[in-house]
Amino acid sequence: MPAETDRHLVIARLREEIRRIERSPARREGRVPCGLVGVDAALPGGGFARGAISELSGGPASGKTAVALALVASLGPEELAAYVDGRGELYPPAAAARGVDLARLLVVRPPVPRPDGAASSADAARPGLWAAEALLASGAFGAVVVDVPVPARLPGADAVARRLQAAAERGGAVGLWLAPRRAPCEHDGGTGLRLTAAVRLDIVDEGRRIVARARAVAGPPRRGGGETRVA
Amino acid sequence: MALHLPDLPLQRVRRGLEPPASGADARPLAVVAEGRIACCDRAARAAGVRRGATVAEALAACGRLATVPLDAAADLAALRALAEALLALAPAVEVSAPDALLLDAAAAHLLAPRGAPAEDGERVLARRAIAVAAEIGWTARAAVATGRAPARALAAHASEDVVAVAPGATARALGPLSLGALGLPPPVVERLAGLGVRDAAALARLPAGVLAHRFGPAGVAAARLARGEDASPLVPYVPEALPEEALELEAPAASAEPLLFALKRLADRVAARLAGRGLGATRLRIVLRLDPRGEERILAPLASPSAAVARWLLPLKEHLFSMRLPGAVTGLRLAAIEVAPVAPEQLAIGDRPEALAALEGVLSRLAVRLGDGALFAAEAVERHRPEGAYRAVPFRPAGSARGGPAGAVNGTAEPLPRPTRLLAAPVRIVAEGEGGRVTALRLDGRARAVVAMDGPERLRGEWWAGGFDRDYYRVRLEGLGDCWVFRDGGDGRLYLHGFFD
Numbered sequence: 019m020p021a022e023t024d025r026h027l028v029i030a031r032l033r034e035e036i037r038r039i040e041r042s043p044a045r046r047e048g049r050v051p052c053g054l055v056g057v058d059a060a061l062p063g064g065g066f067a068r069g070a071i072s073e074l075s076g077g078p079a080s081g082k083t084a085v086a087l088a089l090v091a092s093l094g095p096e097e098l099a100a101y102v103d104g105r106g107e108l109y110p111p112a113a114a115a116r117g118v119d120l121a122r123l124l125v126v127r128p129p130v131p132r133p134d135g136a137a138s139s140a141d142a143a144r145p146g147l148w149a150a151e152a153l154l155a156s157g158a159f160g161a162v163v164v165d166v167p168v169p170a171r172l173p174g175a176d177a178v179a180r181r182l183q184a185a186a187e188r189g190g191a192v193g194l195w196l197a198p199r200r201a202p203c204e205h206d207g208g209t210g211l212r213l214t215a216a217v218r219l220d221i222v223d224e225g226r227r228i229v230a231r232a233r234a235v236a237g238p239p240r241r242g243g244g245e246t247r248v249a
Numbered sequence: 002m003a004l005h006l007p008d009l010p011l012q013r014v015r016r017g018l019e020p021p022a023s024g025a026d027a028r029p030l031a032v033v034a035e036g037r038i039a040c041c042d043r044a045a046r047a048a049g050v051r052r053g054a055t056v057a058e059a060l061a062a063c064g065r066l067a068t069v070p071l072d073a074a075a076d077l078a079a080l081r082a083l084a085e086a087l088l089a090l091a092p093a094v095e096v097s098a099p100d101a102l103l104l105d106a107a108a109a110h111l112l113a114p115r116g117a118p119a120e121d122g123e124r125v126l127a128r129r130a131i132a133v134a135a136e137i138g139w140t141a142r143a144a145v146a147t148g149r150a151p152a153r154a155l156a157a158h159a160s161e162d163v164v165a166v167a168p169g170a171t172a173r174a175l176g177p178l179s180l181g182a183l184g185l186p187p188p189v190v191e192r193l194a195g196l197g198v199r200d201a202a203a204l205a206r207l208p209a210g211v212l213a214h215r216f217g218p219a220g221v222a223a224a225r226l227a228r229g230e231d232a233s234p235l236v237p238y239v240p241e242a243l244p245e246e247a248l249e250l251e252a253p254a255a256s257a258e259p260l261l262f263a264l265k266r267l268a269d270r271v272a273a274r275l276a277g278r279g280l281g282a283t284r285l286r287i288v289l290r291l292d293p294r295g296e297e298r299i300l301a302p303l304a305s306p307s308a309a310v311a312r313w314l315l316p317l318k319e320h321l322f323s324m325r326l327p328g329a330v331t332g333l334r335l336a337a338i339e340v341a342p343v344a345p346e347q348l349a350i351g352d353r354p355e356a357l358a359a360l361e362g363v364l365s366r367l368a369v370r371l372g373d374g375a376l377f378a379a380e381a382v383e384r385h386r387p388e389g390a391y392r393a394v395p396f397r398p399a400g401s402a403r404g405g406p407a408g409a410v411n412g413t414a415e416p417l418p419r420p421t422r423l424l425a426a427p428v429r430i431v432a433e434g435e436g437g438r439v440t441a442l443r444l445d446g447r448a449r450a451v452v453a454m455d456g457p458e459r460l461r462g463e464w465w466a467g468g469f470d471r472d473y474y475r476v477r478l479e480g481l482g483d484c485w486v487f488r489d490g491g492d493g494r495l496y497l498h499g500f501f502d
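Chains U and L are the protein sequences, given in the same order.
Under our numbering, residues 19 to 249 are what the first sequence spells out, in order.
Under our numbering, residues 2 to 502 are what the second sequence spells out, in order.
It is worth saying that the hints were derived from the structure and are not from the lab.
Any given hint might turn out to be false.
[Claimed, not checked] To list a few chain L residues with every Cβ distance to chain U over 10 Å, as calculated:
#1 Ala393
#2 Leu423
#3 Asp502
[Claimed, not checked] DEER-style ranges, computed between Cβ atoms:
#4 L/Ala450 / U/Leu32: 29 to 35 Å
#5 U/Ser139 / L/Val428: 16 to 22 Å
#6 U/Arg171 / L/Arg386: 37 to 43 Å
#7 L/Ala329 / U/Pro173: 55 to 61 Å
Beta carbons: idealized from backbone N, C-alpha and C, even for Gly.
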């Protein structure tokens, strides 16, 4: 039925138009490939989406940081990147060796609270999450990598996840959430945050070749309860 | 070209007060030097206060008169500050104390509108100089003439804001000036008046020999000035210190809002001084003086060198509004404590202002909440100790050219791979093996089989700082991935130092 198809097309175009208008003017669109064949191939559209958060999950030496750095290195020459290094483990010389221009990479290391037991691990996570939200929403960065340890039970985790997602949409950056995988069965990738990630990738280092496997995307529970799952 | 600041000491005192005292309710003000009135404002003059009168006489004429002692050093500093701002207009500026600046107007013809005579350029320069001075709170008059002394004398005694004298017409322009205006001491003026010489024109007509005989070098110099002869070169002022400006608040401020207004005024002044030198601030310092005592200091880093006040205000505002003031603020100082050269076009139009404003905004929010040290860009350092191979530097992406891929180790050899994650402190691990071969590493109480191993890469040195001697291996552990492990030459033990994540 050609008339039916036309109508669908028009509606799709209008939807896209409305989405475009609703975004802030400085917003960049499209996708950014990271240049690693094994990863880009697993991504819809062949790259990481701007204005969204993609989750990279994997073990401590799976190659997820290398994927994030590859993406930062493949940004345009005018673009800046930020790395919220909540664990304080990013080793900049390795980033430089992977083609990252260190002068254009902002590293944010939130101060670590003193281990006197007064501050809970949830309190320790907050500054990093807040910084990530501010950086994502600013519109000043092409990519924001977030590596913040989040305890399994973070009060208000769903609200935090929604805010991060909204910030990414507002600022138009590629948001990358690094999630260490502790047990393969864990629903949230080992962190207490269930993000509305545009895409979730399991990063695996197969004999020094990094490959990614896309996982089903699960959003945070909606206000009415229940869970929306999008394949 | 000379720029004269009438009643500079008075202007300086007024300029240092916030809010600027308005004519209606302000007390008449006079500056006093050695017990006599050096200068006074219009209100004081209207009440009968005269220059040169004693303080007692002045107070008798005007009971409400406020007096401030003359501070020659502060006046000179103010002149120097204005000279810095004017460096944006002229290639050289001379500070001519007590109340004038001399600008090199040799290139002024470039400012003339298309098709207009070159002299118009001089008027444009003069007006711009007056405007720059006005922007940062000074009232000034300008005179363009050949020679330093004639220009200074004309500016000091001109009735208009801008006087431009064509080359060759200097003597005629100076003619009507009184002898005092030529800088002659009062006794000499009186003796000349006795001879019937009352103005510059008359002085210029006297034969040089007579003057030299009767009045010495001062007389000769005055006569040369009266004839418009002055070929002395300009002595350019070279600023040394970084600019700092201060303001007293008339009423102590307990909230951020009034402080921001005062800060804007200070920022205008500091920025103008930096712009004159082709510099932009990369770090600002605000000192708030508290009532009754104490100070509060704020350091505000900027993402890129800038002399644009709009770019400064964002981080300053962020800092001001986020801090809890322990008391009311009675005065504030703003200084540019770190500066860097700014390209001229950037001074004029800004470098993608929206993007920079967004960056500036988020950086200052982060710096306020997390602390200045939490944000940095890394810079490679040529050191063998892995944890020392980079250092944190301020994040200033604007102006930094995008460099190509840079290895951690400079040199001709291909740099060896480095882990993407380095642990803050190396973790002890235990090797398990058979027949001298390591088969597994015990980590967190769990043995993980060694799948592959590269190495060693020996890193040692820095004997001056305790020294270290490590053999690094890239070890692939089952179920974990590639780890960076070293054997310490000191204790012979194995440590996990990072992950090739």
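For each hint, the structure was consulted:
no. : hint                            : verdict
1   : Ala393                          : violated (8 Å)
2   : Leu423                          : violated (4 Å)
3   : Asp502                          : violated (4 Å)
4   : L/Ala450 / U/Leu32: 29 to 35 Å  : violated (58 Å)
5   : U/Ser139 / L/Val428: 16 to 22 Å : holds (20 Å)
6   : U/Arg171 / L/Arg386: 37 to 43 Å : holds (39 Å)
7   : L/Ala329 / U/Pro173: 55 to 61 Å : violated (38 Å)
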